[in-house]
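*Asks:* Could you slot chain U onto chain Z? The hints should help.
Residue numbers (numbering that gives the first Met the number 0), protein chains in the order written: chain Z, 0 to 745; chain U, 0 to 55.
Just to be clear, a hint being listed does not mean it is correct.
[To be verified] The calculated SDA-like cross-link candidates involving lysine to any residue, where the alpha carbons are at most 20 Å apart (straight line), are:
1) Z:Lys159 x U:Gln47
2) Z:Lys553 x Z:His27
3) Z:Lys417 x U:Met50
4) Z:Lys633 x Z:Gln657
5) Z:Lys156 x U:Ala25
6) Z:Lys154 x U:His36
7) Z:Lys354 x Z:Ala326
[To be verified] Take a look, some chain Z residues computed to stay more than 10 Å from chain U by CB distance:
8) Val411
9) Glu585
10) Lys705
[What the hints assert, rightly or not] Restraint-style ranges between C-beta atoms, simulated for each label pair:
11) Z:Cys60 x U:Asp40: 25 to 35 Å
12) U:Gly35 x Z:Thr472: 43 to 53 Å
13) U:Glu34 x Z:Ala115: 33 to 43 Å
14) Z:Gly456 x U:Gly35: 32 to 42 Å
15) Z:Lys417 x U:Glu34: 25 to 35 Å
16) U:Glu34 x Z:Ser505: 46 to 56 Å
17) U:Glu6 x Z:Val557: 28 to 38 Å
18) Z:Cys60 x U:Glu34: 24 to 34 Å
19) Z:Phe556 x U:Gly35: 29 to 39 Å
20) U:Thr14 x Z:Asp171: 41 to 51 Å
21) U:Glu34 x Z:Thr56: 21 to 31 Å
22) Z:Glu698 x U:Glu34: 54 to 64 Å
23) Z:Asp695 x U:Gly35: 52 to 62 Å
24) U:Glu34 x Z:Glu441: 22 to 32 Å
None of these hints come from the bench; they were simulated from the model. By construction, the Cβ of each residue, glycine as well, lies at the ideal position given by its N, Cα and C atoms.
Next come the chains, spelled out residue by residue.
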Amino acid sequence: MKLRELELKAFRGAPRRLVVRLKPTKSHFFYSENGRGKSTIADAFEFLTTGGLARFTKEECGIDAAINLRAGEDATVAAKLADPDVSVKRALDKDGPSDLESDIGDLEPIPTLRQATIVDFMAQTAGEKRQALLELLDLDALNDFRGKLRTALGKAKDRKKSAKSTHKEEVDTLEGLLNGKDLLHVAAKYAEEAGVKEEIDSPKKLEKLELRPPPGEPNRQPALTELVRALAAVSDDDPSADWNAAVADIEVRRGEALSVLLSQGSKVLAEVWPDQSCPLCEADQDHDALADRVETRAKALAESNQRLNNLRQRLEVRRTASSSLEAAIAGVLRVAPKDGWPSGDELGTARDVLKAHAETLKKAGHELSAAPQNPDLGMDLEVLIPKLQEASVPKQSPEIAALQRLVEIRGVHSQVAKRLAKYEKTKEQETSLKRLLEIADETIKSAVEESLSEIEGLVARYFEILMADPIYTNVKLVYAARRSGQVEFSIDFSGDPVKPPQRIMSESQLNALGLALLLARVKSGDTPWQTLVLDDVVNSFDSPHRVGLIRLLKQEFVNWQIVIFSHDSVFRDIAQREAGEWSFQEIIVWTPDGGPILGEGDPLNRLQQELDGGAGASALGGHARRALEQKLGKVVAELGCRIAYDPGGRYTAHDLLQALTRELKEKQSPLAEHEVLKRMDTASYMATRTVHTRTDLPEATTDDLKRLAADAKDLDEVFRCDECDKWIWFAESETGHQCKCGTLTV
Amino acid sequence: MSKSATEVIEGLFATAAIDEVSAPLAGPLRSLWEEGHWDVDGIDGVAQADMAEETK
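Excised from the complex, chain Z in its bound form (with noise of 0.2 Å):
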């Protein structure tokens, strides 16, 4: 498939129609000076095949850009095809391109290559290369694919990073809980519950499960606990009042039963002995009631009896807490006071007493002379039982905030355990991802070295016609598939291996190893297109890899159509030089209004037939500038005028009629005068953007280049003889030129 005509409008710098005719059977070659449209000419190849174009893509810049602002409508890239013969057309607005017009379905894109592409694909970096290289292969879908799973395998790193930091926090929360101070109930507890010791599965976990002070603190819970306990039991009532009250009530009951037996012993004995008075008996007694008196006495002796003995049990009791009390106290002084705590000298008056009381009490119990008394132990136990809970923990009892540390460990714990399987879960996933991506990458570097082996030899074989200097050999392209996978060039120095190459080729020289990569993919490619297009792929080349270039083309692009875009007048010699079969075009000027024109045709012809289409001033700028150009260059160059050297050739009329005019001055002939040429130096259109491109200038008008137009034509009859018909340059003379029939001479 090749192209026989691109035609295109509102597109890019063409805001005209703008028809490129090509052959099939010819390559060529589309000369011009930089911003005369070349690139405009190669993007409509782009545009047409794909809709869009890369390098708007790559600059984020919308498609609809690529409109031609002055043009006023909607932009459109059509070409007429050979094999098969069919015309394709894609329309762009501001919404965006259309589907391609054609009968034979969407094409493949144009082989194109732009120095760009070249000179970006050999500035990259390794991994940008192997980018690009996938691209170049048609197999950039893998970086894709690659990448996206390569950005989801970071995700699952993140999730299991943050996995890991929420079940370090819990896991850090656990072990403070298990580590308070309350905790040898809960420790006991816990042990008691199936599974705990296996779901603690440390032993460290497990020895932090019994209560320990801080390091460095003694333990004073125990201590303090118990002397809370024992103040408790001593603040109720005392029973040493009691027991000294009951103790005096059952001697006065003693006394008064001590006193009715002596009444009774009285009347006994004046029963035993009648005739005898009773020492003990005063009086008649009434036995009777003797007898109940005596039965009285005895039941209240009785009761005061069972009342002391009680009483002796409440001063064992007392006894025994007092005791504990004391041990308690003593429990306490064994471990440092801290602030805000009874003093030393406090608790150990209060232990003294204590235990002076509870031997009082216990001397009591077998003595009822002992009169305990109730202590004073120095302190206000109800101003210090409050302050010694409030300073123990739990204020509770130690095993009801047992159970609730319990509950809450237990919470933590389930917590725990599931941020557990969370993190091990996002471990697995990354781990799995991460093979995933392995696989990728093992995948990815054996396809593209199985397309790279198809095409190496190319490459070399390019490579050395584009040097012509075999110091370089053994071109190799190396890929290696490393965390972001890398691609580089290898090369033989003088036999020895080098890579990377930049280490002693020059850039001209890399430049020509990627466009030998670059032309060794389109060739050994599937695209249907026999049309090669390039687009100032020349810019860091030197003369011998300029006609490399060229020999490569010729040589191995047999029967393709090459479309070479340059600016470069040096190479286009080269290229004529080395290729005159080829077409050889010059875009020979744009306009914003009129955009680029080719140099095909006679540019007068065409500049009077856009006149009478009715065509604006404005857009004929470029072809009233190369008409006059054409005309004036003409006469200059057959006359031999001196003008001064310009390296591309760049003259405008004023400096092509200023060198006519000298020349004919200084020879002294009279067609200096002539009223053309005075006219021509002295009419508007001279001074206008007609024929200069300074922006400051006014634009030609309609009637100016009329004018043009005619002076144009008036100009070859002026240098054509009336009565021969022959140019003046016919031939030499003694003095310059002269017609065939010397009539006109100069």
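*Replies:* Leaving out everything else, chain U in the frame of chain Z:
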């Protein structure tokens, strides 16, 4: 003739080494690609779904 990108990825999912990827991930990921939804959110969604299933 070298393989296309599609053929390469098909081969990737068919390789024996894919067994080393967790089955709850490998299957859905393959489906994701086959259905043309191979993007970061899709891949991450597969991982999240697997996570939810595991820890629910």
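*Asks:* Now look at each hint and say whether the structure bears it out.
*Replies:* Quick rundown of the hints versus the structure:
1. This hinted pair checks out: Lys159 (chain Z) and Gln47 (chain U) have alpha carbons roughly 12 Å apart, not beyond 20 Å.
2. Straight-line distance between C-alpha atoms of Lys553 (chain Z) and His27 (chain Z) comes to about 12 Å, which keeps the hinted pair within the 20 Å bound.
3. For the proposed pair Lys417 (chain Z) and Met50 (chain U), the alpha carbon gap of about 12 Å is at most 20 Å, so the pair holds.
4. Taken as a hint, the Lys633 (chain Z) and Gln657 (chain Z) pair is honoured in the structure, with Cα atoms around 14 Å apart against an allowance of 20 Å.
5. About 18 Å separates the Cα atoms of Lys156 (chain Z) and Ala25 (chain U), which keeps this hinted pair within 20 Å; it holds.
6. Annotation: proposed proximity of Lys154 (chain Z) to His36 (chain U) holds, straight-line Cα distance about 18 Å (limit 20 Å).
7. Restraint check: the Cα-Cα separation between Lys354 (chain Z) and Ala326 (chain Z) comes to about 9 Å, which is no more than 20 Å; the hinted pair holds.
8. At roughly 17 Å, the least C-beta separation between Val411 (chain Z) and chain U is larger than 10 Å, which holds for a residue marked as non-interface.
9. With a least beta-carbon separation of about 41 Å from chain U, Glu585 (chain Z) lies farther than 10 Å from that chain, consistent with its non-interface assignment.
10. Look at Lys705 (chain Z): its CB is around 61 Å from the nearest CB on chain U, clear of 10 Å, so calling it non-interface holds up.
11. Distance hint check: the CB atoms of Cys60 (chain Z) and Asp40 (chain U) are about 27 Å apart, consistent with the given range 25 to 35 Å.
12. At roughly 45 Å, the beta carbons of Gly35 (chain U) and Thr472 (chain Z) sit within the given window of 43 to 53 Å.
13. Roughly 37 Å separates the CB atoms of Glu34 (chain U) and Ala115 (chain Z), a value that falls within the hinted 33 to 43 Å.
14. Checked against the hint of 32 to 42 Å, the pair Gly456 (chain Z) and Gly35 (chain U) passes, with Cβ atoms roughly 36 Å apart.
15. Checked against the given bound of 25 to 35 Å, the beta carbons of Lys417 (chain Z) and Glu34 (chain U), roughly 32 Å apart, stay inside it.
16. A hinted range of 46 to 56 Å holds for the C-beta pair Glu34 (chain U) and Ser505 (chain Z), which are about 50 Å apart.
17. Taking the beta carbon of each, Glu6 (chain U) and Val557 (chain Z) are about 31 Å apart, inside 28 to 38 Å as hinted.
18. In this structure the supplied range 24 to 34 Å holds for Cys60 (chain Z) paired with Glu34 (chain U), their Cβ-Cβ distance being about 32 Å.
19. Between Phe556 (chain Z) and Gly35 (chain U) the C-beta distance comes to about 37 Å, which sits within the given range of 29 to 39 Å.
20. A hinted range of 41 to 51 Å for the beta carbons of Thr14 (chain U) and Asp171 (chain Z) is consistent with their spacing of about 43 Å.
21. The hinted range of 21 to 31 Å is satisfied by Glu34 (chain U) and Thr56 (chain Z), whose Cβ atoms lie roughly 26 Å apart.
22. A hinted range of 54 to 64 Å holds for the C-beta pair Glu698 (chain Z) and Glu34 (chain U), which are about 60 Å apart.
23. Between Asp695 (chain Z) and Gly35 (chain U) the CB atoms are about 57 Å apart, so this pair conforms to the stated range of 52 to 62 Å.
24. Under the hint 22 to 32 Å, the C-beta atoms of Glu34 (chain U) and Glu441 (chain Z), about 24 Å apart, fit the expected range.
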